[in-house]
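Colleague: Protein sequences appear in the order of chains Z and R. According to my numbering, the first sequence is numbered sequentially starting from 1. According to my numbering, the second sequence is numbered sequentially starting from 554.
For the record, the hints were derived by calculation from the structure and aren't laboratory data. Each residue gets a CB set at the ideal place from its N, CA and C atoms; glycine is no exception.
Calculated cross-link-like contacts (lysine-lysine; reagent style DSBU-like; alpha-carbon spacing at most 30 Å):
1) Z:Lys-98 - R:Lys-746
2) R:Lys-929 - Z:Lys-141
3) R:Lys-832 - R:Lys-967
4) Z:Lys-401 - Z:Lys-424
5) R:Lys-746 - Z:Lys-92
6) R:Lys-960 - Z:Lys-98
7) Z:Lys-71 - R:Lys-927
8) Z:Lys-540 - Z:Lys-398
9) R:Lys-960 - Z:Lys-71
10) R:Lys-927 - Z:Lys-134
11) Z:Lys-466 - Z:Lys-280
These stretches of chain Z come out as covered by chain R in the derived footprint (C-beta under 8 Å, 3 or more residues):
12) 49–55
13) 66–80
14) 94–107
15) 128–142
16) 160–167
Here are the chains, one letter per residue:
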Amino acid sequence: MPLLNEFPMPVFQIDGEPVEYEPGEKVLSAALRCGKIIPHYCYHPGMSVVATCRMCLVDVVDLGNGRPAPKLQTACSVDASEGMKIETFNQKVEEGRKLVNEFFLINHPLDCPICDQSGECTLQDYSFKYGSGKSEMDYSKRVNGWRDIGTFVALERNRCIQCSRCDRFTREITGTNEFGMFNRGHELAVDTYTDRPMTNKFQGNMADICPVGAITEKEFRFKRRVWKLKKNHSICTGCSTGCNVTIEHDRNEVFRLKPHENQSVNKWWLCDEGRLTYRKMNEKKSRINQPLGLIGENLEGISWEKAYGAIAERIRELKPLPHEVLALTDTHASNEELFLIQKLLKEGFSSENIFCPFPTWEQSESDFFINTLITTDKTPNRAGALALQIKGDQKNKKLKKAIEGELKVVFILGNPFENELEFKEIIKRTQLVIHIGVFHNSWSEMADVVLPGQFYSEKEGTYTNKNQRVQSTEIAVKALRRTRPEWQIISELLQALGHKSSFESIPQVFNTMVQEAKAFTGISFDKIGGFGIELTKNTKDPGKKVVPEMTAI
Amino acid sequence: MLEETLVLFKNIRNPKYDKSLAGYKNTGGFKSLKKVFGMKPEEVVQEVKESGVRGRGGAGFPTGLKWSFMAKGTGKPSYLVANADESEPGTCKDRELMLKDPHLFLEGLMIGSYAVGCHHAYVYVRGEFFPAIKILNAAVDELYADGLLGHDPLGSGFNLDITIHTGAGAYICGEETALLDSLEGKRGQPRVKPPFPAVSGFNGCPTSVNNVETLACLPFIFSDGGVESFKSFGPQNNSGTHLVSLSGHVNSPGVYELRMDVSMKDIIYEIGGGIRNGKKLKGVIPGGSSSPVMKADEIDVLYNFDDLAKIGTMMGSSAMMVFDEDTDVVKLLHRITRFYAHESCGQCTPCREGTHWSRQIVRDFLNGNGSEEKLKRLDRVGGNMLGTTLCALGDAAAMPIQSFVNKFPEEFRKYYATT
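With the sequences and hints as input, model every part of the structure.
Modeller: Right, dumping it as structure tokens:
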């Protein structure tokens, strides 16, 4: 294969700077890729070009043949060509944009103070930049009214600027066709067909791509002004796809999840189910907020030192043999946590009795990329567990043997096998049950020691998605005061049991894992970056099933 | 005395002409088609280029050149679509052709199809033309019955089908890409160009969209000595005869077939018989409602594409609307702006907002709320639409506004000076 450098990409100029483009690429697309700012409303890189908003006007001072274009061109529809020279900020362009922007504003309600898009509204931004500050429109504005269009989004049509992004979204991205443009001319309005509500599972994206406040998320509306929100890059943990998200939060409360562009995972999109996982991040009631120990008959709050001390003491007393120790984990745990609990068993007890549930899961097979995002595996790190060779489901023979044998010490991470009452019956009788988890559940009720962990949004970690792509999360919100991240808890348990290995940070755990676990060979924490990195050695997921397209609920 | 030059109207002006297939054949019909079937398609395109025929739909783009842009070797079928969605206010020439001599047009369509290698041609007829739709369908049936359409007409080895498709009543569907969208069954909205229809048109295939009158010229061009005589009908680059839809305050309005080297003055005063009731001329809209208006003192100009372009207006679809001294220009402009506000498809911003806004401003004058400031604003709103829209409708709406305001400002002032 020839090196890419042998065939350099052709170049054209924007404001005197060379910009590379792929043959057939439009000027706006190449400009945005290179970080240039050209105002636009209707253009979206994921959808077809309609060139209807007329905002992305640029001056083509040289078409590549030494001659200028006769009038201002829309950057979204002009093909970039060798030697072309574009100016995005001369007087002619500014004038042109000002004129077009005026047309947007004459019928747009200036209700920014009560509009939820305010702060992330491109019309607002461009009006500040190009608007005249004074309206010459002295007639009453167009009124189309609001519409209840679906379960997830609200439509306020007076604010609509008819960019048709939402219309194209349902036609080109979800393929559900339930949204359209109605009437014509001045009365052009968006709506659902014959008053049918929308049912697709990706409505939230329509709120994202709406450049103004016409479509907003019902879930987020009127809760917080967007300029107050702080943003952290993370991964959606709602299913095994691992869509990249931005957690938007203020005063330690998460308000919404927004998709973060990652061409290898979710492109620009996120499903509604994923968006709703933010609720769990604010859940306080069922959280375990401090270490608990069984004192007498009841679980009572104890200090971390006391908890570790008690565990170490009990284990010293019990002197468990390898087959008398068991760890059950779920695949909500990050790669590092799974690796460490595996290490805990191996180094602490020379045991390999670690299991997690592995139900089969489905992914739909669809012509539309977005419909393949949702999987029925609602945990984020099944592939990570597979890569670390943690196996097991309720029918697994080794697991059965381990459970039915003489158990002395059981570690439970998270909420595995939650419906296996039989397991629970057996484990209840075990002498020492240690539960590490975020929420109270039936495991924490039967445990002798409960160690409070932290939720995704509160800790760092890496997760391996269904395509074996390792991606990392950032700390978004502050955790409860007396909780600790699970990886730290397990590492401290190892120390309490008298082992030397101590881990201070996620990168350190990750890089140790790379050395010790074969599947992660060849990557390092630094290489994960913003977009993740695929495992070099792909492990096959035996539980994966590709099924014909999911039908809308 | 100026007289018509009968090429397209040769049969129509014959009172004994029977528009049936037999009647058309009696006048020498389908001879040109036979001749064309003996030529190579490239030769046909070359011949059309030679004749210099320009599109009669309004833009005046050379037809031969348009056909030569058709993508070849794409492995996709090519299409020829006849644009019979004649809806420019003032224009009624294609209707005449379709009603009174459908076979002339259909022969032209067949010649064109052969030239561009199209095996399924469409006629997109304006939905309101009920009689024309009926007549065209009957004519196509006749052609099928006679073996001129379908498999191997005239032993040429060239298969051709023609479908008559009716529009649903939108002016914008006369724009070629909107027409193709509508033909595909979508909402009729102009597409982004490029790609032009010659590369990606009907269903993504190379397509040529041609006006009815343009296609009707073809049988004459391919008759014996046709190219030379066709070129002789007008000055350079404006060859052939064209159908002028003369309407308004003239004594004898109607559709006339004229050479391209005739002055507008002669058309109004000789063909049209002068202004009715002996009034004076105030102005002329020379090429359908979208062309800039001309004042009475500007009409001493040859009525063809280039000469009108030189004085800053356009011939468009050769629909001349004449108005006399009693005409209220503001009301006229209000009617025009109302039309464009109603017919704008709404997808692109300057046209959607501008057509409606300009209509509101003109209405203000009629309601006695005009002012000097509003006159300036009207001119500015028109100017903002000009050249900034996706298709030509924005320009079509802007040009009359700007020309009316600039040429008849005193008419607007009358409205607010007196109140």
